[in-house]
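Peer 1: Please take these sequences and the hints and turn them into a complete structure.
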Amino acid sequence: MSKPRGLIAHTWSGLKKDPLGMAGFVLVSFILLLTILAPWLAPYDPLDVNVHNRLSGPSAAHWLGTDQLGRDILSRVLYGGQVALKVSLVAISVAMAIGLLLGMLAGLGPRWLDRVLVIGFDTVRSFPTIMFALAIVALTGPSLNTVIGVIIITSIPVYARVVRTQTRALRQRDFILAERAMGASTGRILRDHVLPNIAAPLFILASMDVPAVVGMEAGLSFLGLGVSPPTPSWGSILNDGYSYLRNSPWPIIAGGIPLIAVTLGFTFFGESLRDIFDPKLRGKDR
Amino acid sequence: MSRKEPQIWPGISRRTFIQKSSLVLTGLAVTGVPEISWAVHGDTLHVRNYQDLTSLDSVSSLSAAEGIISAAINQNLLRFKPDGTWDTQLDAAESFEQIDETHYAFRLKKGQLFSNGYGEMTADDVKFSFERMVDPAMNALNRPDMGPLSHVDVHDRYSGTFVLDTPYAAFIPVAVAGPSGEILSRKAVTAVGGRFTTEPPCSSGPYLFKSWQAQRKTVLVRNPQWTGRKPDFEEIHVYAMPDPKTAEMAFEAGELDCAWISVETVEPFKQNMPDNSSIRVLPSGRNYWLGMNQENPALTDIRVRQAIQYAVDVEAVVEAAWFGLAKVSNGPIPEGMVGHRDSALIPPKGDPEKARQLLSEAGVELPLRLRMDVNSDSLELTAVQVMEWSLRKVGIEVDIRPQDNSTFLTIGREDLGDQWRDVQLFMQSFTGLADPYYSLTWFTSAQLGIWNWERFSSEEFDRLSDQALATTDPAARSRMYRRMQDLMEESGCYRFITNSVMPQIYRNTIKPAFRADGYTMLREIRRPGSGS
Chain A
0 MSKPRGLIAH TWSGLKKDPL GMAGFVLVSF ILLLTILAPW LAPYDPLDVN
50 VHNRLSGPSA AHWLGTDQLG RDILSRVLYG GQVALKVSLV AISVAMAIGL
100 LLGMLAGLGP RWLDRVLVIG FDTVRSFPTI MFALAIVALT GPSLNTVIGV
150 IIITSIPVYA RVVRTQTRAL RQRDFILAER AMGASTGRIL RDHVLPNIAA
200 PLFILASMDV PAVVGMEAGL SFLGLGVSPP TPSWGSILND GYSYLRNSPW
250 PIIAGGIPLI AVTLGFTFFG ESLRDIFDPK LRGKDR
Chain B
0 MSRKEPQIWP GISRRTFIQK SSLVLTGLAV TGVPEISWAV HGDTLHVRNY
50 QDLTSLDSVS SLSAAEGIIS AAINQNLLRF KPDGTWDTQL DAAESFEQID
100 ETHYAFRLKK GQLFSNGYGE MTADDVKFSF ERMVDPAMNA LNRPDMGPLS
150 HVDVHDRYSG TFVLDTPYAA FIPVAVAGPS GEILSRKAVT AVGGRFTTEP
200 PCSSGPYLFK SWQAQRKTVL VRNPQWTGRK PDFEEIHVYA MPDPKTAEMA
250 FEAGELDCAW ISVETVEPFK QNMPDNSSIR VLPSGRNYWL GMNQENPALT
300 DIRVRQAIQY AVDVEAVVEA AWFGLAKVSN GPIPEGMVGH RDSALIPPKG
350 DPEKARQLLS EAGVELPLRL RMDVNSDSLE LTAVQVMEWS LRKVGIEVDI
400 RPQDNSTFLT IGREDLGDQW RDVQLFMQSF TGLADPYYSL TWFTSAQLGI
450 WNWERFSSEE FDRLSDQALA TTDPAARSRM YRRMQDLMEE SGCYRFITNS
500 VMPQIYRNTI KPAFRADGYT MLREIRRPGS GS
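Heads up: the protein sequence lines correspond to chains A and B, in order. Residue numbers for the first sequence follow numbering that gives the first Met the number 0, beginning at 0 and rising by one. Residue numbers for the second sequence follow numbering that gives the first Met the number 0, beginning at 0 and rising by one.
No lab work stands behind these hints: they were computed from the structure. Treat each hint with caution, since some may be false.
Restraint-style ranges between C-beta atoms, simulated for each label pair [stated by the list, open to error]:
1) B:THR245 <-> A:SER12: 52 to 58 Å
2) A:ALA8 <-> B:GLN270: 56 to 62 Å
3) A:ILE118 <-> B:VAL191: 46 to 52 Å
4) B:ASN404 <-> A:THR164: 42 to 48 Å
5) A:ARG124 <-> B:ARG420: 46 to 52 Å
6) B:ARG279 <-> A:ARG124: 50 to 56 Å
7) B:PRO346 <-> A:ASP47: 19 to 25 Å
8) B:ARG420 <-> A:ALA137: 16 to 22 Å
9) A:ASP47 <-> B:PRO473: 28 to 34 Å
10) A:THR164 <-> B:THR245: 20 to 26 Å
11) B:ARG279 <-> A:ALA59: 46 to 52 Å
Idealized CB from N, CA, C, for every residue including glycine.
Peer 2: Rendered as structure tokens:
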């Protein structure tokens, strides 16, 4: 495993050779920056209602126009990014952590445990996400936490399956068998050998998962199953835009652009990372 | 070098298939898909309904969506005039008169036939139709429409008398002319087991029921046995389109002749009106209000509820959600109806300063956090977001909880558990009928935990409700209903929003007809120049 400095340098060097990957990286960085700085960059309070200025087009005062309640769309898009960022960060981190634990258990544990866990993963994955979200929302009511919960539950098997496969492949490798023969504990093997080897594919998977999670949050909010109004989210901006499309196209455009940008940015960036860290491709580079 | 074309079917190569199918598609694009192309032409009328049917039987019908269709295929003794008022005219009855406060006599026109060979309509069919509504065994959902109806005395084949236990001022507009008063054939309904849903066994109106396709459309055809004025259309296709946006696109595509559209679309349509079309923004009988559950611990202090009343800027709510097309309401009873109030007790704009003062007097620690349940409909969501903004300005933070309609309609019901105790604020709406009784009866103590989710309970209100129902003097009734609305407002449980509007768009190739609450009257829709 490379040292962090070497890893960053290697990644940067790989990105420089891949224009699309670099474009994705720039786009992702730009979106993250705008989102984090939303409280300072947003020209208005995203919840401030001004009914008499509703559904106006772009102007010097409102760069992306206003929505059906006269709220500044740019401010809502910026704050909506925070919701998307929060959902993707929390949901992916938690799902990855749980998936990592369960995947390693399945990969290194006894056969019966592996089977039970795999059946569990397949059961969760076989359930349509939207139907699952509908059921949960019917029980708990729509909220940001519900969205995060739904995404965590449906994402855990994705990470767990990858970790399980990697772990099972590694457990038969010579260096692991040698460690075992020398009396190393399972915990030590996991920490020192398995984890470093599966970290890279896991992070690549996570970066590729961000647009999917952001899209899922937006989709659930669009259907009214996500964040409650008046909290801004890209999905609810799109939903408002759909309802008032004849009056103004700007909410739809403004809600759609960041979703497209996030999808493109993370996809290009993720694919580039995959290419950089894929051992076969790396070999070819040399 | 020659290369043989791959065959996707014996004798048909891929290239041939693409060529032929392109020709077919081009042809369809030019001539149009048959079902779509003849949509607004010929003898067929195409109309939007805002939801699908569940039942066309008066004992089990649930909504105006069903009433729109059943009114075209059935007859009442009296029916509403197609002039946008709640005035009535004779329908199946040749005469109808009030004998005294509890007796009404009727005589049927002769020779009115039920379809499918069920014979002539008789006074016994009237007796059957009304008495099954009050028969406890039928458990009719709309039983309250009949009020204190006791029974119907039949004198001969065509005449009879309604007998009421007590006077009932809403008897004609609600029981006789409303959807619950449609006359069915005893023989036909009995033959299908005493009840039916979406397949009526027969009918006697100007149109007959032909077919129903779930979630798609209901088809009505002209009744050849109809003895009245010949209906102008051979068929009426009523499409179940819950989403107004779909209806708007269908209208623009030429697939509908008449559709109820959303308020926000009125202005864009006016600016870019589809060819040969018109829009009418009609008054609606749908009353919207912000309700407060006075038994919830956070709202037991009347000063907190009053603070909420004063905090909400209703003018802004109506302007935002109804695009200025609707008026601020002064109570559940709409303009033009007995008991309508000229003004509410709380000013429409509210008074945030007074709201803050009331909260301070109540010793409430700010921010006060409350939950607000709402139907997840874009209009209502827009409205509650303005309320949330108004309330935030005085220190009340609201957690808006949108719910789908079926879930929302259960939150205040006692028979489904204790969840009603958690209800705090909610935006509710209800469509009234032709009498003020129907607008206020849902707020009596008898309705606690059924439709009275505010848990509003007033002896004076209940007494006045009974008295107004038994009073036939309009001036006296008006005083009582106005006082009842004052009591509602004084309780702090209600902030009245609007009586709403119903925008309807239609082709100028038809002469539409609408009820006083904006709903389409299918049987009264004519062609221009065909007379009334």
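Peer 1: 46 to 52 Å was suggested as the range; check whether the CB atoms of ILE118 (chain A) and VAL191 (chain B) agree with it.
Peer 2: holds (50 Å)
Peer 1: Between PRO346 (chain B) and ASP47 (chain A), is the Cβ distance one that fits in 19 to 25 Å?
Peer 2: holds (23 Å)
Peer 1: Determine whether the Cβ-Cβ distance between THR164 (chain A) and THR245 (chain B) falls within the hinted range of 20 to 26 Å.
Peer 2: Violated, since THR164 (chain A) and THR245 (chain B) (Cβ atoms, about 45 Å apart) do not stay within the stated range.
Peer 1: Is it true that the C-beta distance of ARG279 (chain B) to ALA59 (chain A) lies inside 46 to 52 Å, as the hint says?
Peer 2: Distance hint for ARG279 (chain B), ALA59 (chain A) is violated at roughly 39 Å.
Peer 1: Should the hint that ASP47 (chain A) and PRO473 (chain B) are 28 to 34 Å apart at their CB atoms be regarded as holding?
Peer 2: This hint is violated: roughly 47 Å between Cβ atoms.
Peer 1: Could one say that the CB atoms of ARG279 (chain B) and ARG124 (chain A) fall in the range 50 to 56 Å?
Peer 2: Holds - the Cβ-Cβ distance for ARG279 (chain B) and ARG124 (chain A), about 52 Å, lies within 50 to 56 Å.
Peer 1: Honestly, do ASN404 (chain B) and THR164 (chain A) meet the 42 to 48 Å range at C-beta?
Peer 2: holds (45 Å)
Peer 1: Could you see if the CB distance from ARG420 (chain B) to ALA137 (chain A) stays within 16 to 22 Å?
Peer 2: holds (20 Å)
Peer 1: Evaluate the given range 46 to 52 Å for the C-beta pair formed by ARG124 (chain A) and ARG420 (chain B).
Peer 2: Violated: the Cβ-Cβ distance is about 39 Å, outside 46 to 52 Å.
Peer 1: A range of 56 to 62 Å was offered for this pair. Does it hold for the Cβ distance of ALA8 (chain A) and GLN270 (chain B)?
Peer 2: holds (59 Å)
Peer 1: Check the following: the C-beta atoms of THR245 (chain B) and SER12 (chain A) are separated by a distance inside 52 to 58 Å.
Peer 2: At roughly 53 Å between Cβ atoms, SER12 (chain A) and THR245 (chain B) fall inside 52 to 58 Å, so the hint holds.
Consistency note: the structure conflicts with the earlier hints numbered 5, 9, 10, 11.
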